[in-house]
Every structure is written in C-alpha cells, then in structure tokens.
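Just so you know, the sequences run in chain order A and B.
Residues 70 to 492 in our numbering are what the first sequence spells out, letter by letter.
Residues 5 to 162 in our numbering are what the second sequence spells out, letter by letter.
Fair warning: there could be bad hints in the mix.
[Unchecked claim] List time: in silico SDA-like cross-link candidates among lysine to any residue, alpha-carbon distance up to 25 Å: (1) A:Lys167 x B:Tyr124; (2) A:Lys170 x B:Thr11; (3) A:Lys287 x B:Val71; (4) A:Lys248 x A:Lys170; (5) A:Lys170 x B:Thr152; (6) A:Lys256 x B:Thr154; (7) A:Lys256 x B:Lys118; (8) A:Lys168 x B:Lys142; (9) A:Lys287 x B:Arg117; (10) A:Lys167 x A:Ala383; (11) A:Lys148 x A:Asn131; (12) B:Lys69 x A:Gln296; (13) B:Lys122 x A:Val149; (14) B:Lys118 x A:Ser446; (15) B:Lys118 x A:Lys295; (16) A:Lys443 x B:Ile46; (17) B:Lys142 x B:Met23; (18) B:Lys142 x B:Leu98; (19) A:Lys256 x B:Ile46; (20) A:Lys248 x B:Asn55; (21) A:Lys167 x A:Leu189; (22) A:Lys287 x B:Ser83; (23) A:Lys295 x B:Val71; (24) A:Lys170 x B:Asn55; (25) B:Lys142 x B:Arg90; (26) A:Lys295 x A:Glu343; (27) A:Lys146 x A:Leu189; (28) B:Lys142 x B:Cys109; (29) A:Lys167 x B:Ser138; (30) A:Lys443 x B:Arg117; (31) A:Lys287 x A:Glu298; (32) A:Lys168 x B:Ile149.
Calculated directly from the structure, the hints in this document are not laboratory data.
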Amino acid sequence: MTNKTDAQHALTLGDRVQADRVHTSLYTDPAIFEQEMDKVFSSTWVWVAHASEIPEAGSYKNTYIGRQPVIVVRDRKQKVHVLLNRCRHRAATVCEGKKGKTNSFVCPYHGWSYSLDGALRGVPHPESYADQLEKGELGLVSLRVEEYAGMIFATFKNDIEPLVDYLGPAKKWMDLFMKQGGGYPIKVAGEHRFRFPGNWKIQLENTTDAYHFPLVHKSFLSSVDKQTEEMLDFVGGSGYVEDLGNGHSVMVMIPQLIDLEENLDAPIPERFAELAEQLRAEQYSDEEVRRIVRAVGGSGFNLNIFPNIACSMAFFRVLQPIAVNETEIHHAVITMDGGPQVANQARLRLHEHFQGPMGFGTPDDSEAWERVQKGASAGEDLWIMLNRGLAGEKPTADGRASDVSAETGMRAAYQQWKKLMTA
Amino acid sequence: MNTELITQVAAFIWQEADMLDHGEYAQWLESWTADGLYIVPIDPQQTDFANTLNYAYDNADMREKRVARLGSGESISTSPVPRTVRDVSRFRVLANDGSNVTVRCAQNLREFRKDVLKHYTADVTFELVRSGGSFLIKRKIVRLINSTDTLQGIGYIL
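Can you build the whole structure from these sequences, using the hints too?
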C-alpha cells in the first residue's frame, strides 16, 4: 500500500501546479522553498526600489533579493546600481540601515572601501599583497538593473529578456497607476513593515483576491462612509481580473477609477468634499482640485507583478520571503512630490486607516493568511483550489480575463512559477 | 521636585492604563480634549506627525472607530480580543505652565492572544490639560522602541 507521503513524493514539481489547483506542499515544503530562492528569485526580474527612495547621488536603500542582501544606490552620474552587500575580502556587509546617504561603502572589519558603483577603491596596508591584489576583479558584485515608470528591478540572470519585455502589458497599468500623483511625480514617503507566519505565495495570491474583501475587511467597511462602502462593494460588480502574461495580472475592482485623468467632471465624493474646499481656498483651479482629489483616493485596480511587487490601489505592496512559513511585507505609502500638503496628509491618513499593524485592514488579512498556513499542515495530499471564475475565462488582447473575483491572477502567477521551477 | 504634581499626573495616567487594560472604552473616549490626538509614530525622531506616516494618528473620530472595531466582532484579528496588562512608570514632568502639563513615562505592555505572549516597550509622552479636578489628554504619543522593525498586528490601544 502506498502511503500519502510516498504519493506526494511521486509528484514532480510540474505535477503540483494544475490548471485549476496547486498542491499544498507549495506552502509547506522547505525543499521547495529552497529551490524557489534559486529558480524564482535568482532567475527573474525582482523589484528592489522606487526611484524616489534614492533621490540623490549617494542615496541608498538596503533590501533583499530572495534572501540575499543588496544595496540599491545612485552614483554621482545618477546611475542606479544594485550591489551585493558583501565585502569581497571576508564577506562582512559594507552597508547597514534601511536607507541613507553616503559617499562610499567601507567595510567595518578591515577597511576595504568601495565607490558608489561598487568598484574597489582601496585596501588598508596593501603592501602585504605584494602588488598582486586584483582590485579590478574584487568590486562589489553588481547586478543587472533596469527601470520602468520609476520602478527599479534587478536580476541575477544576466541573459534575461529586457525588463520592458518581461513586464509586457503590465507596463500600461504601471503608467495608469502613476497617475495618482495628480499631476506631480509620485514619491514613496515611508512604509509599514510587518511579518506573518506563512508562505510568501499566500500574500502573492491575496493581491488578486477580491473574493475575501467583504468578509475579511468587514470591520474596515463598517468604519467608512456609506458612499465609500458602496464603492468598495465590488464583488459581483463589473470589474474583472486579467492575466497579463509572465505571471503578472491586474484585478480591476472599480472600473471608473482605471484612468484617474478621465471623468474629471464626475461629482467629488463626499469624503473628499472638505479636502476640495481646502484646495480651493489655497487657490488651486477647479481642474487641479478635481485632478488632485481624484488622485488622493488611489486607482481602482491592483496590479500584481511577479514575483514580489504590486501596485495596489494607493500603495506599493512588497513581499519578501523569509522562510517557507515566514514572510515579510512592506506597504509603502505614496505621496505627491511637491503636491499640496493637505492632499498628502489625506493620503497618509488613508494609508494609516487600512494598512500596517495598527490599520483596520492589514491585521485581518494577516490573520487570514496565518490561518491558511496553519490549515495547510492538515491533509498533506490535499490541494489548494484555484478554479474560481475558470468557466467564464475568455481571451483578451493581452491574455485572458474573467470576473472580478475570479482566481485568474493566481492561476497566472502559478503558471509562471511552474515555468521557472521546471526550467 | 514637585512631587505633588508627579502624584497627580501618575494617578491620571495609571487610571487611563487601567481603563485600557480592562476595556472601559466609553470612559476612555471621554478622557480627551476635542482636538486630542493619539499618535503611534514609526520614526523615533519624528516630531511632524501630521506630515509623516505613522502607525496610528487618531483624532476623536478615529479613536471612536478603533474602539468600535475592537468590540464589533467583525475583525478576525481582534476576535478573540487580546488581553493586555501594562505597567507605566518613570514619570518625568517636561513642562508645566499651570494649565498644561507635558509628562514623559515608560510603558511596558504584555499582550496575550490565542497562544502567543508579546511584549511591547514604549516611551509615552502625554500632553495633559487641567480640567475640573483632573486632566484631559491633548496628545498621547507612544514611541515603541522597536517601531522601525517589522511588527505584527496590534488591534488594541497602546
């Protein structure tokens, strides 16, 4: 008799992703997680920063690609570099702190120093190397970096397709998302960081999951005005989820808020009436007031870019895998760079209302995901069902689409996962 | 050192702590001035809270909503409601003009929910306004010592 564990081991990685379901082991198997670090996170484009996070020469941000610490830094010629945060001598990190500004990177252990582009500039007491140290070979390891719409991506895979090809139809949604600057450049102005005890793909799925919203976020919906509550009652509405290829997808929840520069004549929502008054009092023209107020509430869609970044209504959602059952999430707030202070205050307050460990939304999401991971330890031969909206899925110009609460975006992500993991 | 003032503010702040640990929110909501703000910042050096991202920046309306959410049963992260016990100590009066008192203190809070015990340590600054024989809270700023790290959900009031 074959026991369940043997049956599970008989499944190849490819078998574990079906058209309408994925195997539970994708959430729970540490060996699969180890492979993901290599075959997913070290083999595709991974988002590392928004350009506004490193605004000036010398500005840097520390982050991770998979589990590897990297520095994202702007050099004196404004070129962005993504460097492994590891001294080439004996491996100590050369840069600490989440963000900052520097002229160079100096290893605290023996003083090897590197310029902003990663080149090894000097080592103390070089005489012991008898002029044989290959300084040109010992710069900080530099990754391939490309940028689109202010979003900076890096990759360990040097021969990968250009970023713009990888993004494909997602690009037009990125352009639409950036319109929430309301005529100003968008700026990342801080973030909420939190962790939950669960697999990273649970969060990846959630960004394209409209189905959970009315239930998990009931307490949030009870805390907003009637008009906003009605706007957020999108399950069963005319929105849709579209597979954009390469694991990317968009979930349109509020179709009238796809393009924030359209319908500027629409009535100003009552929750923004006071803000509109304040802006008028500050002498902004009627058109400016309408554009800014419309932008403050954010876009009506979530764009999921595989594997680690989402443009989610009014913020960036970044996910970082820590372990098979531990994931870190950053919700970065977006403001209008140089925009009216009252409008930016409104954006900050809206972000605080829903996001973060003390928000009215995030902790409930987090609790639900924790419950998924806990439940996934039962029934190791069972599957995660992803067949919602499959019957109604139809081809589109950019891919395939189904209704707003369809699991089309999750299916898209898992097909990309399968492609990378079985390559 | 004005020990009489320390005693007055300590008695008020201990009462507030006790209300929060025992869920006496109706009375807690009445402990504030109309323009009172409950703030939990992220950056420990920050002083311009209105123009930066915080964990919480609650005016009267948001405080009421936070209390309502906690008791609504609609939020899975606060059902069951976490139990808390907090110690407040190390009171120091930073300013006192007769009607307004600014006091800084240390808060150590233990939270238990489901199967996890957590510990949060914070510097708390109160701006109190004399009212009747007691005070009202104009500002309560809770600076968690690990505010820049990743946190998990905190559904209750610090």
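>> Of all the hints numbered above, which does this structure not satisfy? Sort the numbers upward.
In response: Numbers 2, 4, 7, 8, 13, 15, 16, 29, in rising order.
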